[in-house]
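Engineer: What follows is each chain in one-letter form.
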Amino acid sequence: MVHISDGILDPLLWESGWVITAIILAYTLSKMKIEDVPKLSVITAAVFVASLIHFQFGPTSVHFILNGFAGVTLGLLAYPCIFVALVLQCFLFQHGGVTTIGINTINMGVPALLAYLLFKYGMRFDLGIKQKEILFGTLGGGIAVALAVLFLSIELATTGEEFFEVAIFVATAHIPIIAIEAIFTGITAGFLATVQPELLCRR
Amino acid sequence: MISEIDRYAGLSSPIHRWDPRLRIVSILALIFSVVLLYNLTLVTIGMIFSIILVYLSKIPFSFVLDRLKLVFVLVLPFFLIIPFTTMGTDTGVEIARFYGITLSYRGIEAVGFAAMIVLKALTSVMLIFPMIGTSRMDITIKALEGLHLPNKLVQMFAFTYRYIFVLDDEFVRTERSLASRGFKRRGDLYTLTTVSKAIAMLFVKSYERADRVFYAMRSKGYSGKVVTLHEFDSGRQDWINAIAVFGFAVLLQVAAMSGAFSIYGGI
Amino acid sequence: MAAIRVHDLNYTYPDGTAALRNVSFVIEEGESVALVGPNGAGKSTLLLHLNGILHSTESREAVEILSETVDPKKVHKMPKKIGIVFQNPDDMLFMPLLGDDVAFGPINLGVAKEEVKRRVKDSLDLVGLAGYEERVSHHLSGGEKKRAAIATVLSMEPEIIALDEPTANLDPKSRAELIDILRRLKGAGKTLIIITHDVNAIPELADRVIVLDKTVVADGTTREVFSDTETLLAAGLEVPTIMQFFEVLQAFGYPCDVLPLSVEGAARNLTQTMEEGAGHIHLHLHEHTHREVNSALGKYRHHHRIAADSGHP
Amino acid sequence: MAAIRVHDLNYTYPDGTAALRNVSFVIEEGESVALVGPNGAGKSTLLLHLNGILHSTESREAVEILSETVDPKKVHKMPKKIGIVFQNPDDMLFMPLLGDDVAFGPINLGVAKEEVKRRVKDSLDLVGLAGYEERVSHHLSGGEKKRAAIATVLSMEPEIIALDEPTANLDPKSRAELIDILRRLKGAGKTLIIITHDVNAIPELADRVIVLDKTVVADGTTREVFSDTETLLAAGLEVPTIMQFFEVLQAFGYPCDVLPLSVEGAARNLTQTMEEGAGHIHLHLHEHTHREVNSALGKYRHHHRIAADSGHP
Ligand SMILES: Nc1ncnc2c1ncn2[C@@H]1O[C@H](COP(=O)(O)OP(=O)(O)OP(=O)(O)O)[C@@H](O)[C@H]1O
Ligand SMILES: Nc1ncnc2c1ncn2[C@@H]1O[C@H](COP(=O)(O)OP(=O)(O)OP(=O)(O)O)[C@@H](O)[C@H]1O
Ligand SMILES: [Mg+2]
Ligand SMILES: [Mg+2]
Numbered sequence: 099m100v101h102i103s104d105g106i107l108d109p110l111l112w113e114s115g116w117v118i119t120a121i122i123l124a125y126t127l128s129k130m131k132i133e134d135v136p137k138l139s140v141i142t143a144a145v146f147v148a149s150l151i152h153f154q155f156g157p158t159s160v161h162f163i164l165n166g167f168a169g170v171t172l173g174l175l176a177y178p179c180i181f182v183a184l185v186l187q188c189f190l191f192q193h194g195g196v197t198t199i200g201i202n203t204i205n206m207g208v209p210a211l212l213a214y215l216l217f218k219y220g221m222r223f224d225l226g227i228k229q230k231e232i233l234f235g236t237l238g239g240g241i242a243v244a245l246a247v248l249f250l251s252i253e254l255a256t257t258g259e260e261f262f263e264v265a266i267f268v269a270t271a272h273i274p275i276i277a278i279e280a281i282f283t284g285i286t287a288g289f290l291a292t293v294q295p296e297l298l299c300r301r
Numbered sequence: 157m158i159s160e161i162d163r164y165a166g167l168s169s170p171i172h173r174w175d176p177r178l179r180i181v182s183i184l185a186l187i188f189s190v191v192l193l194y195n196l197t198l199v200t201i202g203m204i205f206s207i208i209l210v211y212l213s214k215i216p217f218s219f220v221l222d223r224l225k226l227v228f229v230l231v232l233p234f235f236l237i238i239p240f241t242t243m244g245t246d247t248g249v250e251i252a253r254f255y256g257i258t259l260s261y262r263g264i265e266a267v268g269f270a271a272m273i274v275l276k277a278l279t280s281v282m283l284i285f286p287m288i289g290t291s292r293m294d295i296t297i298k299a300l301e302g303l304h305l306p307n308k309l310v311q312m313f314a315f316t317y318r319y320i321f322v323l324d325d326e327f328v329r330t331e332r333s334l335a336s337r338g339f340k341r342r343g344d345l346y347t348l349t350t351v352s353k354a355i356a357m358l359f360v361k362s363y364e365r366a367d368r369v370f371y372a373m374r375s376k377g378y379s380g381k382v383v384t385l386h387e388f389d390s391g392r393q394d395w396i397n398a399i400a401v402f403g404f405a406v407l408l409q410v411a412a413m414s415g416a417f418s419i420y421g422g423i
Numbered sequence: 188m189a190a191i192r193v194h195d196l197n198y199t200y201p202d203g204t205a206a207l208r209n210v211s212f213v214i215e216e217g218e219s220v221a222l223v224g225p226n227g228a229g230k231s232t233l234l235l236h237l238n239g240i241l242h243s244t245e246s247r248e249a250v251e252i253l254s255e256t257v258d259p260k261k262v263h264k265m266p267k268k269i270g271i272v273f274q275n276p277d278d279m280l281f282m283p284l285l286g287d288d289v290a291f292g293p294i295n296l297g298v299a300k301e302e303v304k305r306r307v308k309d310s311l312d313l314v315g316l317a318g319y320e321e322r323v324s325h326h327l328s329g330g331e332k333k334r335a336a337i338a339t340v341l342s343m344e345p346e347i348i349a350l351d352e353p354t355a356n357l358d359p360k361s362r363a364e365l366i367d368i369l370r371r372l373k374g375a376g377k378t379l380i381i382i383t384h385d386v387n388a389i390p391e392l393a394d395r396v397i398v399l400d401k402t403v404v405a406d407g408t409t410r411e412v413f414s415d416t417e418t419l420l421a422a423g424l425e426v427p428t429i430m431q432f433f434e435v436l437q438a439f440g441y442p443c444d445v446l447p448l449s450v451e452g453a454a455r456n457l458t459q460t461m462e463e464g465a466g467h468i469h470l471h472l473h474e475h476t477h478r479e480v481n482s483a484l485g486k487y488r489h490h491h492r493i494a495a496d497s498g499h500p
Numbered sequence: 188m189a190a191i192r193v194h195d196l197n198y199t200y201p202d203g204t205a206a207l208r209n210v211s212f213v214i215e216e217g218e219s220v221a222l223v224g225p226n227g228a229g230k231s232t233l234l235l236h237l238n239g240i241l242h243s244t245e246s247r248e249a250v251e252i253l254s255e256t257v258d259p260k261k262v263h264k265m266p267k268k269i270g271i272v273f274q275n276p277d278d279m280l281f282m283p284l285l286g287d288d289v290a291f292g293p294i295n296l297g298v299a300k301e302e303v304k305r306r307v308k309d310s311l312d313l314v315g316l317a318g319y320e321e322r323v324s325h326h327l328s329g330g331e332k333k334r335a336a337i338a339t340v341l342s343m344e345p346e347i348i349a350l351d352e353p354t355a356n357l358d359p360k361s362r363a364e365l366i367d368i369l370r371r372l373k374g375a376g377k378t379l380i381i382i383t384h385d386v387n388a389i390p391e392l393a394d395r396v397i398v399l400d401k402t403v404v405a406d407g408t409t410r411e412v413f414s415d416t417e418t419l420l421a422a423g424l425e426v427p428t429i430m431q432f433f434e435v436l437q438a439f440g441y442p443c444d445v446l447p448l449s450v451e452g453a454a455r456n457l458t459q460t461m462e463e464g465a466g467h468i469h470l471h472l473h474e475h476t477h478r479e480v481n482s483a484l485g486k487y488r489h490h491h492r493i494a495a496d497s498g499h500p
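Residue numbers (the working numbering), protein chains in the order written: chain H, 99 to 301; chain U, 157 to 423; chain C, 188 to 500; chain Z, 188 to 500.
In case anyone wonders, no lab produced these hints; they're calculated from the structure. Check before you lean on any hint, since a few could be wrong.
What the hints assert, rightly or not - In silico lysine-lysine, DSS-like type, Cα no more than 27 Å apart, as pairs: (1) U:Lys308 - Z:Lys300; (2) U:Lys361 - H:Lys230; (3) U:Lys340 - C:Lys360; (4) U:Lys361 - H:Lys228; (5) Z:Lys308 - U:Lys381; (6) Z:Lys401 - Z:Lys260; (7) Z:Lys401 - U:Lys381; (8) U:Lys340 - H:Lys131; (9) H:Lys228 - C:Lys264; (10) C:Lys360 - C:Lys300; (11) Z:Lys304 - Z:Lys264; (12) C:Lys268 - U:Lys340; (13) H:Lys137 - Z:Lys261; (14) C:Lys261 - U:Lys340.
Claimed, not checked - With beta-carbon atoms standing in for the labels, derived distance ranges: (15) Z:Gln459 - C:Glu346: 25 to 35 Å; (16) Z:His471 - C:Lys304: 50 to 60 Å; (17) Z:Ala421 - U:Val328: 18 to 28 Å; (18) Z:Gly374 - H:Lys131: 34 to 44 Å; (19) H:Lys131 - Z:Gly297: 21 to 31 Å; (20) C:Thr418 - Z:Ser482: 36 to 46 Å; (21) H:His161 - C:Glu321: 27 to 37 Å; (22) U:Gly415 - H:Ile266: 28 to 38 Å; (23) H:Ala124 - Z:Lys300: 31 to 41 Å.
If you're wondering where the values come from, they're calculated on a predicted model, not measured in any experiment. Just so you know, even glycine gets a beta-carbon here, dropped at the ideal spot from N, CA and C.
Model the full assembly from the supplied sequences, consistent with the hints where possible.
Structural biologist: In structure tokens:
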């Protein structure tokens, strides 16, 4: 649901989406070592597969979005990974649109980067609790999705007054997803901290 | 199990024979052009042209329609909501009011606008089939390299695509093992916790697999660049196809700017 | 009572691969059965039908477990009856701690907390991993993981246990220990169905062998199936090494009708033959020995002459 | 010239697991060596040192391949000398098409295009996958994937080929075919180093066995190593089935000093013994037979008595 289909947004919005995504991509790709490609690809594939999982929670059926999770595990490189995942999702499953890949990447990727920063700096605080990963994982996961939905709603709302109600509808529909992602990211961050700490991005 | 977009890549059609590089660029141009239109008639013409392309590609319509269903479900709310909602009531007839939201009917214009959005979304997705579905995904990815996309990005596409299938299998096996130990997905916290842990484990395993894959690549002489034997060549027919499709995309824009086909002004 | 009854089971994967065709067999309670067949024969596919994970509309009532038709909607109720150990233990271990993994099944079955704890302990004891509750499953060695996966199924205390290639990738000692665990389960009266490519382990594990190659091509006691070399070879299989060797011995004039399958069986066979033959056995070269030996060796054409190894200096 | 020279190699994983300790051995060109050891012995870890993928500062010059010290910075130059086949073929088949996977190595080595094509074809032919260039690797069967992984290494035409558990999970026929491929490579003069848990395959594959258990605990000809049962058992290993059985035969009075390792070797051993013993062999029960048989059986304590199997009706 967080992907925007073609033809809905104002052209100016999705055109600038491409420009901004191209800039962030260029920057993050320059930070990426060629040796990282296999590792990032396999994790991207895992994010991709996991985000196909439909999940019945209460009355709603949702699927994971995992942008917060990508940020927490991949750091800056979450951005190109989300881009690749969205492109493949569009072309393999027709989720989302072609022209909107740029703006969709911003909607998912920028919150992912913020989740990463939150997690990274959060972990530096000495809170006197044992598993800080769970706390900051939960925060990062929840905030990343909340921001993605916020971006989406703003974009819809500014496209035209026709979309204002749609924006509100979309935002409300995502509230349970925010909760689920928060719990998910918290649990996985705690899990990784015990099983494979190097997978959590603290750089 | 993930079903594949390139299931019908093995067919033979003019579209299949078209150089993938030119095919991707031309059809992509067409998609952008259609989405940029704000004119129901032109969008409809674009849609008809797309249907012709799908027909030429010999990809069964049943396959395309099956995939379009999902898009339709996603854009349908717009079709239903837009004609009936607005912020003020000055442009439409109020039908009902609840929780402070006003339901009103804004007439034929709004219906046309909603139809246009739905058509654009469907057209652009439909064009994906002749664009991507007519050659195997790996050839398509190689074509991206031929189009001078950054090497790192092309490699990420290639590896990600490859491992989606491996990891999907892996997750299916995990799900089966969950089920065979009495687990049933319900809408509760226990389910969420369990699924989360299973996914976390998928990541841990993927991470380690990535290490081994990288080791394997290195021991096969990988030093940062993936090169393959595949070569593309574009002949006269490829360029004729490209000019036809690209030309059509440009034509749509020219028509839109000239104001022809305009039914109702503003939109 | 029949533990497993499969009647005319067919299965085709969504991509059109026909994996199972008209599969039928019955396994009684307390039997231990080896399921063998070449790669891609549909063995794992068959296993997944036993608790309803895989199913098809064409074979709606094809599988009965403990006299009850398997209902694909009730997979989660099946573990009380049948537990399945997957080939790859990594697919079965997804909790941070091993104790959680072993407790997972019983908790889903709604077993009371104290009882869960007891079962976790007992299952880990049985597979030789006592005290491993707090270990991170992901860091165990290959052999340990394999045993852990079995413990996760044992804790559900199923009547029937089905295992997919339990000895693959194990070192000989771990393999022997695993065979031991399986024999103990068999001793405790469980019904076992074991998929394996390890023909030398079958005589130790199973009373009966079913050969699957999309359909059931042979089904009988271990001895019967291993006597039908033609069917076995046609399915890309082999008989145990000792059995191959006793065919060679026969060519040298060793008197025996029924070939032993394992080293222990062979020792007992020799003793019995001698006791019947007045305390000794006489092997000799005769006119046709050479030809017969070669034909016995050639039968298992997979194998090749090794110049260096005659055991003579 | 030494193909592989490992001198005092130590390796500890970043998490503190000491995987290799003072490992030293030399393998000459043209030798074929089996590397055995229990699960977690460090076999795979050792393999990854052979071309510099894994390395540690403490053992900087510990590995020499074809008389040149392995430089971890030049891993990508190594495939001309040594090719490594990983245990899991999924890790080795990462390109979209099988043909690309097989071409991957030679292209990276800068081989000319026509030559690459020839090599791809030849390698696929050799492993019995002729015409599979255009196949998608994730749709191959287990056995096919395994062979494909070997082809991706053969195409680089390395002098030395190292394989990690090449026969695991294969059905007996595919296993025999794989053994055949390896024997052909050996015949073609390649140096082979093969990690395996499959002791019955070793006599067919290797002239020499190295037993690793974090450090080298035994190293000698196949026969020598298999004669040292104590060391083997201590490392959780076993001798081939036929050898176990010939110890039993000895207890029955079979005269032989050197035990055969395979069925073929056993047949030749019998023929030779008879020829030396005037055309016949005499086996008999004597006072100590029973005790000796039991002690021979008990030696490989991994195995257990099977009541049903004596080969007598
Ligand atoms: N998910 C799937 N989709 C399509 N085909 C499949 C799938 N899983 C298995 N197959 C095919 O079904 C057939 C039977 O597969 P199965 O895994 O049951 O074989 P198996 O007897 O267990 O082989 P192995 O000894 O190699 O484990 C094979 O041809 C296989 O390629
Ligand atoms: N990436 C890793 N990080 C930490 N420890 C590891 C890693 N890989 C392996 N180990 C440990 O190092 C030891 C040697 O592992 P290795 O994989 O080399 O064993 P092996 O002899 O190949 O065993 P097997 O027969 O089970 O394949 C084991 O104790 C293993 O748990
Ligand atoms: Mg199987
Ligand atoms: Mg190993």
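Engineer: Does each hint fit the structure? Answer for all of them.
Structural biologist: Here is what the structure says about each hint:
Using a Cα cut-off of 27 Å, the hinted pair Lys308 (chain U) and Lys300 (chain Z) holds, with the two alpha carbons roughly 24 Å apart. Of the pairs offered as hints, the one joining Lys361 (chain U) and Lys230 (chain H) holds, with about 23 Å between alpha carbons and a cut-off of 27 Å not exceeded. Only pairs whose Cα atoms come within 27 Å are accepted, and Lys340 (chain U) paired with Lys360 (chain C) is rejected, the gap being roughly 37 Å. The straight-line distance between the Cα atoms of Lys361 (chain U) and Lys228 (chain H) is roughly 25 Å, inside the 27 Å bound, and the hint therefore holds.
Distance check on the hinted pair: Lys308 (chain Z) and Lys381 (chain U) sit about 23 Å apart at the alpha-carbon level, within 27 Å; holds. Between Lys401 (chain Z) and Lys260 (chain Z), the direct Cα distance comes to roughly 25 Å. Compliance with the 27 Å bound is thereby established for this hinted pair. At most 27 Å may separate the alpha-carbon atoms for a hinted pair to count; Lys401 (chain Z) and Lys381 (chain U) exceed this at roughly 36 Å. Distance restraint check for Lys340 (chain U) and Lys131 (chain H): the Cα-Cα separation of roughly 42 Å exceeds the 27 Å cut-off, and the hinted pair is therefore not satisfied.
With a C-alpha separation of about 38 Å, the suggested pairing of Lys228 (chain H) with Lys264 (chain C) is violated against the 27 Å cut-off. Of the pairs offered as hints, the one joining Lys360 (chain C) and Lys300 (chain C) is violated, with about 35 Å between alpha carbons and a cut-off of 27 Å exceeded. At most 27 Å may separate the alpha-carbon atoms for a hinted pair to count; Lys304 (chain Z) and Lys264 (chain Z) meet this at roughly 21 Å. A distance of roughly 16 Å separates the Cα atoms of Lys268 (chain C) and Lys340 (chain U); the hinted pair therefore holds under the 27 Å criterion.
Note on Lys137 (chain H) and Lys261 (chain Z): the hinted pairing holds, with a Cα-Cα distance of about 20 Å set against a maximum of 27 Å. For the suggested pair Lys261 (chain C) and Lys340 (chain U), the alpha carbons sit about 9 Å apart, so the restraint of at most 27 Å is met. Remark: the range hint 25 to 35 Å for Gln459 (chain Z) to Glu346 (chain C) is contradicted by a beta-carbon distance near 53 Å. As the Cβ distance of His471 (chain Z) to Lys304 (chain C) is approximately 58 Å, the hint placing it in 50 to 60 Å holds.
For the hinted restraint 18 to 28 Å between Ala421 (chain Z) and Val328 (chain U), the CB-CB distance of approximately 42 Å leaves it violated. The hint said 34 to 44 Å for the Cβ distance between Gly374 (chain Z) and Lys131 (chain H), and at roughly 43 Å that hint holds. The beta-carbon spacing between Lys131 (chain H) and Gly297 (chain Z), approximately 23 Å, falls within the hinted interval of 21 to 31 Å. For the pair Thr418 (chain C) and Ser482 (chain Z), the supplied restraint of 36 to 46 Å holds, since their beta-carbon distance comes to about 38 Å.
In this structure, His161 (chain H) and Glu321 (chain C) meet the distance hint of 27 to 37 Å, their C-beta atoms being roughly 34 Å apart. Against the hinted window of 28 to 38 Å, the Cβ-Cβ separation of Gly415 (chain U) and Ile266 (chain H) comes to about 35 Å, which satisfies the hint. Range check, Ala124 (chain H) to Lys300 (chain Z): Cβ separation about 33 Å, and the 31 to 41 Å hint holds.
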